[in-house]
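**Student:** Okay, here's what each chain looks like letter by letter:
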Amino acid sequence: MIIEKLAWRNIWRNRRRTFITLSSIFFAVILSSLMMSIKEGMYSLMIQSAVGSYSGYLQINTSDFTSDGTLDNGFVFTQAMSDDLNGIKSQIKAIPRIENFALSAYGDKTRGTLVLGTDIIAEKELTQIDERIISGSCLSRNDKGVLLGKGLAEYLNIAVADTIVLLGQGYHGTSAAGKFAVKGIVSLGSPELSKQLVVMDLGNAQQLYSAPGVITQLNIWPSEDAGLQTSKTLLAGIVGNEMDIRTWKEVMPEIDKMIQADRVEGYVFMFILYLVISFGIFGTLLMMLVERAYEFGMLLSIGMKRMSLAFMVWLEALFLSLAGAMIGIAGAIPVCYYFNQNPIRFGDEFNEMFEEYGFEPIMKASMDLGIFFEQALIIAALSSILALYPVLKIFTMNILSSRQS
Amino acid sequence: MKKIVVQTIGLSKTFKGPLPVHAVQSVDLTIEDDEFTAIVGPSGSGKTTLLNMIGGLDRPTSGSVSVNGLDLNKLSDHELTNFRLKHIGFVFQSFNLIPVLTARENAEFILLLQKYPRIEREQRVLQLLNEVGLQDKVDSRPSQLSGGQQQRVAVVRALASKPDFVIADEPTANLDSKSASNLLDIMERLNREEGITFIFSTHDQRVIDRARRVITLVDGKIASDERR
Chain A
1 MIIEKLAWRN IWRNRRRTFI TLSSIFFAVI LSSLMMSIKE GMYSLMIQSA
51 VGSYSGYLQI NTSDFTSDGT LDNGFVFTQA MSDDLNGIKS QIKAIPRIEN
101 FALSAYGDKT RGTLVLGTDI IAEKELTQID ERIISGSCLS RNDKGVLLGK
151 GLAEYLNIAV ADTIVLLGQG YHGTSAAGKF AVKGIVSLGS PELSKQLVVM
201 DLGNAQQLYS APGVITQLNI WPSEDAGLQT SKTLLAGIVG NEMDIRTWKE
251 VMPEIDKMIQ ADRVEGYVFM FILYLVISFG IFGTLLMMLV ERAYEFGMLL
301 SIGMKRMSLA FMVWLEALFL SLAGAMIGIA GAIPVCYYFN QNPIRFGDEF
351 NEMFEEYGFE PIMKASMDLG IFFEQALIIA ALSSILALYP VLKIFTMNIL
401 SSRQS
Chain B
1 MKKIVVQTIG LSKTFKGPLP VHAVQSVDLT IEDDEFTAIV GPSGSGKTTL
51 LNMIGGLDRP TSGSVSVNGL DLNKLSDHEL TNFRLKHIGF VFQSFNLIPV
101 LTARENAEFI LLLQKYPRIE REQRVLQLLN EVGLQDKVDS RPSQLSGGQQ
151 QRVAVVRALA SKPDFVIADE PTANLDSKSA SNLLDIMERL NREEGITFIF
201 STHDQRVIDR ARRVITLVDG KIASDERR
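Which chain is which? The protein sequence lines are A and B, in order.
Mapping of the first sequence onto the working numbering: position 30 corresponds to residue 30, and the numbering continues sequentially without gaps.
Mapping of the second sequence onto the working numbering: position 179 corresponds to residue 179, and the numbering continues sequentially without gaps.
The shape of chain B in the complex, shown without the other chains (with noise of 0.2 Å):
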């Protein structure tokens, strides 16, 4: 049986205003390791929303986050931080990157704050790079890489530290066919070699067509959940 990384119950986000908007509701859900799951559905059915309150970036108005078993809820802002830094690896849509630190050290960006001794740093992020293509790149800043190469450093952050699983939001939407194709290619190959957790929130029909699990949102509920 496989372990349960990420589990919510009754998870609910109401943004308060003149007109309440329930963008999650009462969303019940379990993300098992080795998942390679996409959450998809039309703009302002509450994806982003949804993965903000599982990377614990945004706090629910009710309902519960557990992460390996640790509820989310319980934990302090300061507490939020080093768990996300921890245990959370983070790909957004652009601007991933440190535009004046270069792709090994935007890459070793997370091992530096969790304070990794120098050559275990460097191997690991050296390896990393040299899996996603970028051994030629290491020395490049974001401005000399091409929007699918920012992609792949970001990646490589993210899985830098070996984090318990990858929280997506739209990796691909900048980016054209090929370079969406290989960051596919290489987040589906570490997914299957290295075990490594990745959910996705995405109207990517690409990335929906490589997704293991397609988890459905509609109106902040699940509508369907889908696994292949």
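Only chain A is shown next, with the shape it has when bound in the complex (with noise of 0.2 Å):
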């Protein structure tokens, strides 16, 4: 414990020089934390774009889906399959869809779309269609009528009440087409999605592609209790280990490598930010052994072991570390909290930029406490490098030189 003491005291000894230290510490906390918290607000936004509003977090579908996702390679959703769903649905819950490409027609324009064929009920409950009408209404079970997103709309300049035209390939080959009604126009969180998605009832859709019965894939919602893993765990009891239950990951794997190449420029700038502030720290620690020389030489000599006294400085440059870490990690916390509560808005210039990668052009700071905490692991790993210096040249001392200074 004396060690502990005389480490925590030492480093007020030139308190000037401890000030200017923690206050550089703190600084780089504070920036580095606000910048990740913002990247991670803005990943968290385009997950939930992404995924959490339209794809789920999971999906089951046939490995042969994962290869060559066409109606062909569905699979028949079957009753059981929807009881056992049923069971764990506290746990876990799920969107049986048919995803399928037609030609959509309307005047003299037309356009390929993505029809989402949808348990209407579940899709309200989950994605919250309903809420993103603009126009018209939503759909009901067993509804014939479509939804279009808001840029397909636009595109072929149809109306609510219009009659939109379907025409492409159906199960094994038929062929399928159809007239429908637009009961409602839907504003999307992705723009990709909004120029193209024509969404129905999944009945609707089974029958315009002559699959009854058959869906392409299952879209899981996990409840926050029940992490992915145990999600799957839990799916693969239902759904048998021949069909692939993949993550939003898996599924759309451009995302993920999105927000790992933004981290790693993240990750970059950060290092150079803890960089700059290590030599400062270093600097602290150069001064502490040069002025404490003699010092040293006399514990060394009235018997305490190497050990022990480098075992004092490398806490002497954790505890100042750290204390700056926690009065940085202090300082962010209310600083990320305010750009969590008012988000930054872009001008115009910026939304369409923003539109093309699917979110919302805003940025908006994660409270994420993790994001802290590895503020202070980061600020340990680097005190703890730099105190090998000072912590080898006490293994290496005189003690009778050290006496002399």
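Watch out, some of these pointers could steer you wrong.
In silico DSS-like cross-links for lysine-lysine, where the CA-CA straight-line distance does not exceed 30 Å [said to hold, decoys possible]:
#1 B:86 <-> A:5
#2 A:305 <-> B:162
#3 A:305 <-> B:115
#4 A:89 <-> A:144
#5 A:195 <-> A:305
#6 B:86 <-> A:305
#7 A:179 <-> A:124
#8 A:393 <-> B:115
#9 B:162 <-> B:178
#10 A:5 <-> B:162
#11 A:393 <-> B:86
#12 A:393 <-> B:137
#13 B:16 <-> A:305
#14 B:74 <-> A:5
#15 B:178 <-> A:393
#16 B:74 <-> A:305
#17 B:137 <-> B:162
#18 B:115 <-> B:178
#19 A:305 <-> B:178
Honestly, the hints are just simulated from the structure, not real lab data.
As the structure is a computational prediction, the values presented were derived from the model and not from experiment.
Two independent chains are provided; combine them into the complex using the hints.
**Tutor:** So this is what it looks like as structure tokens:
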């Protein structure tokens, strides 16, 4: 305990120097936390926009569909499967869907579209599609109408109550053609989806594609308590091992890769920031080593072990850095909280760029505590590495020379 | 017959360099229990080097040092550290204390390193601080103590774990007459009443006058060894 007490008191021997070092760590932690918090906040929005409000966090499909995502590789959604999923609905919620392509036409305009046949009741519960209707009304079960993405409706210049024609290929080579009344226009988080999505009742889509009982996928929303891994295990028991159960990262690897690449950019910036403050910490440690050479010699003379002395110096570096990190975190939390509650909205010039990536043009800080603990860990690791120099010096220190300094 | 605490046989130390310095040359010396010995001599005569070898802080070029029959040459660095901790008390010329600890904590330091139980530690240290007249300064930091008071705390620290002997390297060099006299009174009393062996290096006449044995070094050799 004496070593810990000594280390703590030693860092306050030169208060001015300690405050300067603490300040540098404080500002670095605030900057770094804010940057990572805003980045993580944007990733959350992106995931929420692309995953939470459309694809779900897990997807079940046949293994053939994984390699070739066509309707022919769909599977029959049995009553037994539906009952089993109902049995675990407190942990996992699912939407059975058909996703297939069709050519849409209205007047003299056509566009390739993504036709989504879905259980509209589950869709309302999980993706709140009914809250995104900007014109007309939402579908009901067994509805024969369709919902169109806002972008698609604008392109085709089609309005509610008009009729859209869909033409495509159905199950195992059949033709799929139909006329559908537009019941509503939907505003979607992702502009890409908005430009091509046609939503219809699952039964309606199965009829269009001549695929009774067939779905291409089950999209899954686990509850907060059931993690992805637990949910996967539960679902494997229901759908069997022949089916693929993929996370959103596997279904949409491009989003995950984009996030990873952006995160690396953040880490590079963070590395530069911490590299700068590491010089400050190292300078403090060097000064401390030089100033206290006599004292170290005296301590070794009276019988203090080198290991204990080195541990004390390492603790001093750690205490100093962690104190700075803690103050920095205490300062960063309110700043991040402010930007969490008051996201920065980009001007019009950025809207288009953000929409291309499919998420809202806002910057919202994340309040994930892991971001702040990460700073403390980085600082602790950094100071431990920097403290190696004085520690090595202590192990090679000549007692008599030190006492003559 | 008194117990031999320190014995050196043919002890020599040469510092290498373009011009080798023979700091201590073939010193044969025996120091017995309860001695109050001053090693004196002009600057560069080898006093501190001799004390460093006796205290296990430096190794001889040739010859041997035994403390209570244990040959220090045979100990590893780690064993020497342990040996110093448990068997030798040190009082240096100045800056003896750890600035961030109070007088009591400084005095307890060796006992803490030796993992003495708290109650035993506190009793011993408070008793010694009381004996050296620092009962009112136990919670003062070194910066709040005079030079003489700091040296007294250093003496308490050196004695706290009841070492075989105490090495004091010019303990009065930075003290005024009154403080030096005070410190010497204390050390003399501890020697007389508790039988603690003291070995000083000094050129302070006040210390020399109080010593019961004076060993004079000249050019690293014992020039005289006077018992009083």
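**Student:** Within a Cα-Cα threshold of 30 Å, do residue 74 (chain B) and residue 305 (chain A) meet the stated pairing?
**Tutor:** Distance ~19 Å between residue 74 (chain B) and residue 305 (chain A) Cα, so the pair holds.
**Student:** Hey, residue 74 (chain B) versus residue 5 (chain A), does the alpha-carbon distance stay inside 30 Å?
**Tutor:** violated, 35 Å
**Student:** Does the alpha-carbon distance linking residue 305 (chain A) and residue 178 (chain B) stay inside the 30 Å limit?
**Tutor:** violated, 36 Å
**Student:** Can the restraint linking residue 195 (chain A) and residue 305 (chain A) be considered satisfied, given a maximum Cα separation of 30 Å?
**Tutor:** violated, 73 Å
**Student:** When you check the alpha-carbon spacing of residue 115 (chain B) and residue 178 (chain B), does it fall within 30 Å?
**Tutor:** violated, 36 Å
**Student:** Does residue 16 (chain B) pair with residue 305 (chain A) here, judged by a C-alpha cut-off of 30 Å?
**Tutor:** Holds, at roughly 27 Å.
**Student:** Would you mind confirming whether the straight-line C-alpha gap from residue 393 (chain A) to residue 115 (chain B) stays at or under 30 Å?
**Tutor:** holds, 26 Å
**Student:** Taking only the CA atoms, is the gap from residue 179 (chain A) to residue 124 (chain A) under or equal to 30 Å?
**Tutor:** Cα-Cα ~24 Å, so holds.
**Student:** Has the given pair, residue 137 (chain B) with residue 162 (chain B), been kept, meaning a C-alpha gap of at most 30 Å?
**Tutor:** holds, 22 Å
**Student:** Please verify whether residue 393 (chain A) and residue 137 (chain B) have alpha carbons no more than 30 Å apart.
**Tutor:** Violated, at roughly 35 Å.
**Student:** Mind checking the alpha carbons of residue 162 (chain B) and residue 178 (chain B) for me, to see if they're no more than 30 Å apart?
**Tutor:** holds, 27 Å
**Student:** Between residue 86 (chain B) and residue 305 (chain A), does the CA-CA distance stay at or below 30 Å?
**Tutor:** Holds. Residue 86 (chain B) to residue 305 (chain A) sits at ~12 Å (cutoff 30 Å).
Violated hints, listed in ascending order, are 5, 12, 14, 15, 18 and 19; each of the other numbered hints is respected by the structure.
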